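Protein chains in written order, with this note's numbering: chain A, 1 to 316; chain B, 317 to 632; chain C, 633 to 948.
Note that these hints are calculated values from the structure, not bench results. As the structure is a computational prediction, the values presented were derived from the model and not from experiment. Just so you know, even glycine gets a beta-carbon here, dropped at the ideal spot from N, CA and C. Among the clues, some could well be false.
Here are the simulated DMTMM-like pairs of lysine to aspartate or glutamate, each with C-alpha atoms no more than 25 Å apart in a straight line [claimed, not checked]: (1) C:K727 to B:D595; (2) B:K474 to B:E377; (3) A:K210 to A:D232; (4) C:K683 to A:D232; (5) B:K367 to C:D744; (6) B:K505 to B:E361; (7) C:K919 to A:E100; (8) B:K559 to C:D744; (9) C:K669 to A:D112; (10) C:K790 to C:E658; (11) A:K37 to B:D595; (12) A:K104 to C:E693; (13) A:K104 to C:E916; (14) B:K420 to A:D40; (15) B:K411 to A:D279; (16) C:K736 to B:E350; (17) C:K891 to A:D279.
To give a feel for the contact side, a few chain C residues facing chain A, derived at Cβ under 8 Å [unchecked claim]: (18) L671; (19) Q675; (20) L676; (21) E677; (22) S701; (23) S853; (24) L907; (25) P908; (26) G930.
With the Cβ distance kept under 7 Å, some of the chain B side facing chain C (calculated, not the full set) [stated by the list, open to error]: (27) T384; (28) A388; (29) F506; (30) V594.
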Amino acid sequence: MGGKFDIIVAMRHVITAQQFDRALIEQLCSRASELEKLLDKKQLEKVELFKGRMLFSVFYEPSTRTRTSFSAAAQHLGMQVVSTENAREFSSAAKGETLEDTIKVLCQYRPDIIVLRHHETGAADLAASVSSVPIINAGDGAGQHPTQALLDLFTIKKEIGRLDNLKVVVGGDLAHGRTGRSLAHSLTKFKGNSLVFVAPPGLEINQDIKDYLSKIKVPYSETVDIPSALKDADVVYWTRVQKERFDSTKLKTTFVIGKKEVAAMKPSAIIMHPLPRVDEITVEVDKDPRAAYFRQAGNGMFMRMALIEWVLADKS
Amino acid sequence: MGGKFDIIVAMRHVITAQQFDRALIEQLCSRASELEKLLDKKQLEKVELFKGRMLFSVFYEPSTRTRTSFSAAAQHLGMQVVSTENAREFSSAAKGETLEDTIKVLCQYRPDIIVLRHHETGAADLAASVSSVPIINAGDGAGQHPTQALLDLFTIKKEIGRLDNLKVVVGGDLAHGRTGRSLAHSLTKFKGNSLVFVAPPGLEINQDIKDYLSKIKVPYSETVDIPSALKDADVVYWTRVQKERFDSTKLKTTFVIGKKEVAAMKPSAIIMHPLPRVDEITVEVDKDPRAAYFRQAGNGMFMRMALIEWVLADKS
Amino acid sequence: MGGKFDIIVAMRHVITAQQFDRALIEQLCSRASELEKLLDKKQLEKVELFKGRMLFSVFYEPSTRTRTSFSAAAQHLGMQVVSTENAREFSSAAKGETLEDTIKVLCQYRPDIIVLRHHETGAADLAASVSSVPIINAGDGAGQHPTQALLDLFTIKKEIGRLDNLKVVVGGDLAHGRTGRSLAHSLTKFKGNSLVFVAPPGLEINQDIKDYLSKIKVPYSETVDIPSALKDADVVYWTRVQKERFDSTKLKTTFVIGKKEVAAMKPSAIIMHPLPRVDEITVEVDKDPRAAYFRQAGNGMFMRMALIEWVLADKS
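Chain A on its own, in the form it takes in the complex (with noise of 0.2 Å):
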């Protein structure tokens, strides 16, 4: 599998979104793109497969989505897996174990990847820091989810054609949800975009984020007028805000991307949303072929077939 990807290097681990710049990005996503031309026409099978090759995946809180999503993309690429959806009992708050002495062993049963989802923030790091096997970082806590991050990045390429010069719309609770934060941050290492922020007050985007877009020169702006932050944008990456977190009805109401706001935004535009969604986004919606958040999902599979490729590629 070599071939597929140019950077070689000793152990690839998968910790957190900035490890990727720009080059294998684009690489990850071109990709992910053919995979899943080859997975929609049957043609997987005539590709180089990992038959023997082992995944385990090691969930100590539950993401049955992202759990899910991982043992499909390990599976259609012929891997076999094993996964823990209780994984705490291996550790401290079962017994005492440290998460290293953890990880040691589970190397130990030789799989050839562990993809691993924490509550604490680093554990990834942690865990890559003894392993044996690469570590791809499912989620640690309210730390990194790299594989979110770059699934993000591979729809807008997919849907836009580009990474550059783009004006892009963040919305909902900006200042607890990961997944704006992070595609802002993404969005730094391409050419000429421009963020707009949009958050219920109290629910903001916090100031070091600002401040880095202010230091290297990406244009931002803040608003709560959705609709004409809607008009001009090229992509629309909308959240979910937690009811609890709201503190006024009529708020409640008009955080809403429905049918009417869709109709003024442009023809090209895509509406993005990390799932699961709510009433933030009318199910009216979703017939519109500019609604991309059902193909983020399924794209989010892709970019974890490329991931995994990615991290054996040395080994092969």
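We have chain A; now place chains B and C onto it with these hints.
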């Protein structure tokens, strides 16, 4: 695989027992029998299997037996399985996502079939209405459990050799139990069958079924005289009565099939039970060749294999 | 596969450590070593694997480590795995079904092996009495855990090169811990071994084992002087003492193997531990080549692979 089944439709879901007509039921029974022979001779690998095909097993409520049976069925057929036992985390119970959204997301991960178990009546129908892949209903609340209905018919066909001209005794808690009620319904598709319902007082079969049987002229009777009911039965379908539903201690001990009851049955008769069994059939009956309930459980897996083949037949 | 093992019986279950004699233990150790070499050279696919064979992993109580190890073992051997972590739903705990009925139903789904973990002593034996396929006991309550016993012997054989003429120190909570007690038993099958038991006051090994050792003339001693015990040991088998079982704070800190203790050990000695480890061996010991406990965990998987092969050998 297309040659194995005659009827080709745009997309085949398995939602209700009623969707299967006599011809298709017999075709499925015949194929399930073939699959059993092939597996038992270790010749399954010689037939065309579903390598590279993937089944998602999505259970919103636990049913270890059904889940294991489907997983084994799919894997015996060479498929890959991604299994979710805690699907409620996906759903409204957790973050407010609708079942429709969940199914749409899962379809994006490119399964070939979704097996769905859900706590709400109508869930399988709802899922099928938005799914891009076939849905197999593995039980939806108080609603349907079509694979159970089909495995019961398959068991009768395999053990007795016919599905017509049978005297079938259905016993147990017929007011609450789904399986007895469902079998009564299924048997009306065939000719010359008659039914005897045996239920503790207060747990009799509902009037709607009796009205239906009268209307379509299927003879039935009701009794609490177990010996006389069993005497000339071809099939005794016995089910569990939950202890708290018995209103008398006496009944608890008399509503039981034991060695003596079986001794009075026809040599060619069979005893069925959807399992789990508690005390309502004594363990000493198990050795009698007429005790078909464990074979019946195995038939469930073979019928599920046949259904998976049928569902995939229009795509190969 | 028949050629790999000499002893062929009608059906091979793995129920107790005692069922394995010296010759078979050495055969299994030798095969486990071979399997490790083959897997690490990625040559497992060159040997005859168990494609199309299926293992059911049925756990009535959680044991993520053991379950993962068995799943990985079976899948490395090319088998399919159907895994149940919540098997109590099958059972009396849920609807009153007996373990015997559950096993009979599972056998109907045509697994080739059932791995059973159960909370009740004697469960594996009971399962084997009704099963039509081999049962591997993965721990039954306070009873047996034969694969742990075998992996411990395998580790000594692999690390030291022999299972005779060893001075073995067994330390920790020997009153409650199963592993230390079990190892002492296993070692009596070999020649010239002597045992030293090191336990906190009140947690000493039970009299029955000491009586047995006396009777069969295996020398043993008891001490709380860790340095003197370790000095000329070949094997130090250390286990966890649950904090609430220590009756003095002093002991908590002194019942620990650290760098200093290891420094005084023989260069050829090894330190074993069934894991999880908490504080009773310090992390700095891990780097010492004599620290064998993580390799020991891996040996567990290879021994399980050898046992699966052995169990299936009479059927191929």
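These are the hints, each one checked on the structure:
no.: 1; hint: C:K727 to B:D595; verdict: holds (11 Å)
no.: 2; hint: B:K474 to B:E377; verdict: violated (31 Å)
no.: 3; hint: A:K210 to A:D232; verdict: holds (21 Å)
no.: 4; hint: C:K683 to A:D232; verdict: violated (57 Å)
no.: 5; hint: B:K367 to C:D744; verdict: holds (20 Å)
no.: 6; hint: B:K505 to B:E361; verdict: violated (35 Å)
no.: 7; hint: C:K919 to A:E100; verdict: holds (13 Å)
no.: 8; hint: B:K559 to C:D744; verdict: violated (36 Å)
no.: 9; hint: C:K669 to A:D112; verdict: holds (16 Å)
no.: 10; hint: C:K790 to C:E658; verdict: holds (11 Å)
no.: 11; hint: A:K37 to B:D595; verdict: violated (56 Å)
no.: 12; hint: A:K104 to C:E693; verdict: holds (24 Å)
no.: 13; hint: A:K104 to C:E916; verdict: holds (15 Å)
no.: 14; hint: B:K420 to A:D40; verdict: holds (16 Å)
no.: 15; hint: B:K411 to A:D279; verdict: holds (11 Å)
no.: 16; hint: C:K736 to B:E350; verdict: holds (22 Å)
no.: 17; hint: C:K891 to A:D279; verdict: violated (59 Å)
no.: 18; hint: L671; verdict: holds (6 Å)
no.: 19; hint: Q675; verdict: violated (10 Å)
no.: 20; hint: L676; verdict: holds (7 Å)
no.: 21; hint: E677; verdict: holds (5 Å)
no.: 22; hint: S701; verdict: holds (6 Å)
no.: 23; hint: S853; verdict: violated (30 Å)
no.: 24; hint: L907; verdict: holds (6 Å)
no.: 25; hint: P908; verdict: holds (3 Å)
no.: 26; hint: G930; verdict: holds (3 Å)
no.: 27; hint: T384; verdict: holds (6 Å)
no.: 28; hint: A388; verdict: holds (4 Å)
no.: 29; hint: F506; verdict: violated (25 Å)
no.: 30; hint: V594; verdict: holds (4 Å)
Hints 2, 4, 6, 8, 11, 17, 19, 23, 29 from the earlier list are contradicted by this structure; the remaining hints agree with it.
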